[in-house]
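Student: Here is what each chain is made of, one letter per residue.
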Amino acid sequence: MVDFDRSVLGVESAPIRYDVEKGAIRKFAEAVGDEDPIYYDAQAAQAAGLKTIVAPPTFLCTFRAQELPDLQLAFGRVRLNGGNAYEYYQPVYAGDTITVTAKYADVVERTGRTGKMMFVFTELTFRNQHGEVVAKGRNTGIMRD
Amino acid sequence: MGKQPVYYDDVQVGDAMPALVKHPTTRQLVQYAGASGDYYEIHYDHHFAVKSGLKDGVIVHGLLTAGWLAQLVTDWLPSPLALQKFGVSYRAMARPGDTITCTGTIVSKYDKDGQRLVDCEISAENQHGEKCAIGQATVALPTRS
Chain H
11 MVDFDRSVLG VESAPIRYDV EKGAIRKFAE AVGDEDPIYY DAQAAQAAGL
61 KTIVAPPTFL CTFRAQELPD LQLAFGRVRL NGGNAYEYYQ PVYAGDTITV
111 TAKYADVVER TGRTGKMMFV FTELTFRNQH GEVVAKGRNT GIMRD
Chain L
166 MGKQPVYYDD VQVGDAMPAL VKHPTTRQLV QYAGASGDYY EIHYDHHFAV
216 KSGLKDGVIV HGLLTAGWLA QLVTDWLPSP LALQKFGVSY RAMARPGDTI
266 TCTGTIVSKY DKDGQRLVDC EISAENQHGE KCAIGQATVA LPTRS
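One line per chain: the protein sequences are H and L, in this order.
When you read off a place in the first sequence, starting at 1, and then add 10, the result is the number in this note's numbering.
When you read off a place in the second sequence, starting at 1, and then add 165, the result is the number in this note's numbering.
Careful: at least some of the hints might be erroneous.
[Said to hold, decoys possible] In silico SDA-like links for lysine to any residue, alpha-carbon gap of 25 Å or less:
| hint | chain 1 | residue 1 | chain 2 | residue 2 |
| --- | --- | --- | --- | --- |
| 1 | L | LYS296 | H | GLN100 |
| 2 | H | LYS146 | L | LEU246 |
| 3 | L | LYS296 | H | GLY43 |
| 4 | L | LYS277 | L | LEU306 |
| 5 | H | LYS146 | L | GLY252 |
[As the list claims (entries may be wrong)] Okay, the calculated bits of chain L under chain H, using three or more residues with CB under 8 Å as the criterion:
| hint | segment |
| --- | --- |
| 6 | 213-225 |
| 7 | 251-261 |
No lab work stands behind these hints: they were computed from the structure.
Beta carbons are placed, not taken as given, at the ideal position from N, Cα and C, and that holds for glycine.
Produce the entire structure from the sequences given, and follow the hints as far as they go.
Tutor: This is the structure:
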């Protein structure tokens, strides 16, 4: 079993606040190649029943949490993203302020077809300026040799 | 918008959403790095990628592939607010020059807490038929009545 610092599991990071800018939403949608006008134009968004320009579902990844403490995982030459999952409760609109916190949920050792890997699960909570939880996230990081 | 509403009454298990095809380029990876804030060099620095054990060089951000899969689902939905859960796991690596085809299929429909929900399986496949990402989406749909 690969050793790591278990004391950091479950410890929530200090919140980081982000202003949701319409220009950032536009650039993100452009980079994905998503031309839906609800990400570019407030009138088009309103015509689609939205308050204003809305963030695409994976825009949540731009709200980076404060870096979590080092797990001191004595393993792995490359870090890969194994997966991302989100639950959505409220829309994120241009003009909102989003606060993100993160914590390590679990660290698991597995052996796959490329050998031993360590899976690091991180949970994220996103709140808006009204204190509402708008979404939760779960990221899977993979360390491998 | 020109989007046709999707009604719970009309969808059946086994129905497919219209496929979405993407052609990632190195330019798009740089664009996405900037828009997402993910500057990990394995996505744009060939030598860094090779040194990190990715012998064929740079790879597509997992979250960009996730962004395409989210677009697949939101293109099909009348409103992105219908998306309640979205999660992907990354399998084969997607690379610039690949043709990535995103597909989604309804796997179940049910009532929960007064909402009409539909679970979908989604996947992004390269031109060799390898799955780069697989995942699930849960959406709430309106009824005709």
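Student: All hints, please: hold or fail.
Tutor: So, going through the hints one by one against the coordinates:
1. LYS296(L) with GLN100(H): violated (31 Å)
2. LYS146(H) with LEU246(L): Since the Cα atoms of LYS146(H) and LEU246(L) sit roughly 15 Å apart, the hinted pair holds (cutoff 25 Å).
3. LYS296(L) with GLY43(H): Holds: LYS296(L) and GLY43(H) sit about 20 Å apart, inside 25 Å.
4. LYS277(L) with LEU306(L): Holds, because 12 Å separates the two Cα atoms, which is no more than 25 Å.
5. LYS146(H) with GLY252(L): Status holds; Cα separation ~11 Å.
6. 213-225: Check passed, 3 qualifying residues.
7. 251-261: holds (count 5)
In this structure, only the earlier hint numbered 1 is contradicted, and the remaining ones agree with it.
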